[in-house]
Amino acid sequence: MAAIKRLENELQGLEFLTCQIRFAFWQIKEKQRKVFSKNMSVGRVRDQQKQFEEELQREKQNQQDEEFTQLERHENSILRQENDKLRLRTCRIRDAMRTPICSNYGGPAMLGEISLEKQQLRVENVLSSG
Numbered sequence: 196m197a198a199i200k201r202l203e204n205e206l207q208g209l210e211f212l213t214c215q216i217r218f219a220f221w222q223i224k225e226k227q228r229k230v231f232s233k234n235m236s237v238g239r240v241r242d243q244q245k246q247f248e249e250e251l252q253r254e255k256q257n258q259q260d261e262e263f264t265q266l267e268r269h270e271n272s273i274l275r276q277e278n279d280k281l282r283l284r285t286c287r288i289r290d291a292m293r294t295p296i297c298s299n300y301g302g303p304a305m306l307g308e309i310s311l312e313k314q315q316l317r318v319e320n321v322l323s324s325g
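196 is the number of the first residue of the sequence shown in the working numbering; add one for each residue after it.
These are computed hints drawn from the structure, not numbers from a lab. Don't take each hint at face value.
With beta-carbon atoms standing in for the labels, derived distance ranges [what the hints assert, rightly or not]:
1) Gln246 with Glu267: 28 to 36 Å
2) Gln222 with Leu251: 42 to 50 Å
3) Thr285 with Glu248: 48 to 56 Å
4) Gln222 with Arg201: 26 to 34 Å
5) Leu281 with Leu251: 41 to 49 Å
6) Ser236 with His269: 47 to 55 Å
7) Gln244 with Gln215: 38 to 46 Å
8) Lys245 with Ile223: 30 to 38 Å
Mimicking DSS-like on lysine-lysine, the simulated pairs with C-alpha atoms at most 30 Å apart in a straight line are [to be verified]:
9) Lys245 with Lys226
10) Lys255 with Lys245
11) Lys233 with Lys245
12) Lys280 with Lys313
13) Lys229 with Lys245
By construction, the Cβ of each residue, glycine as well, lies at the ideal position given by its N, Cα and C atoms.
Given the sequences, and given the hints that come with them, work out the whole structure.
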């Protein structure tokens, strides 16, 4: 009988130890869960912050690209206008050289009668009047 009583006491002690070990293991798991959860939420916040910063950087780059494109278009427009003016001026000079005008009476001149200096003056007059 004493042996049975002793075995029952040992069995109760082992059950108690088993319960304590399970509780301690559960507490460790719970702490790990909390730490893991905290780390995950911190990680999520970091990921969201990183995504936000990347999005801001992309928006900033897009804005800079758009400003550059607008400036480039404006400069191209100015260059086209200048090119058109030069083309028109060149056409006027060609027309003036094709049809020389007599400085005395304003009619067509004979090529032999006009000196190179007078022809140059006439071209300059056409350019200054246009």
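Evaluation of the provided hints:
| no. | hint | in the structure |
| --- | --- | --- |
| 1 | Gln246 with Glu267: 28 to 36 Å | holds, 31 Å |
| 2 | Gln222 with Leu251: 42 to 50 Å | holds, 43 Å |
| 3 | Thr285 with Glu248: 48 to 56 Å | holds, 55 Å |
| 4 | Gln222 with Arg201: 26 to 34 Å | holds, 31 Å |
| 5 | Leu281 with Leu251: 41 to 49 Å | holds, 45 Å |
| 6 | Ser236 with His269: 47 to 55 Å | holds, 49 Å |
| 7 | Gln244 with Gln215: 38 to 46 Å | holds, 43 Å |
| 8 | Lys245 with Ile223: 30 to 38 Å | holds, 32 Å |
| 9 | Lys245 with Lys226 | holds, 28 Å |
| 10 | Lys255 with Lys245 | holds, 15 Å |
| 11 | Lys233 with Lys245 | holds, 18 Å |
| 12 | Lys280 with Lys313 | holds, 25 Å |
| 13 | Lys229 with Lys245 | holds, 24 Å |
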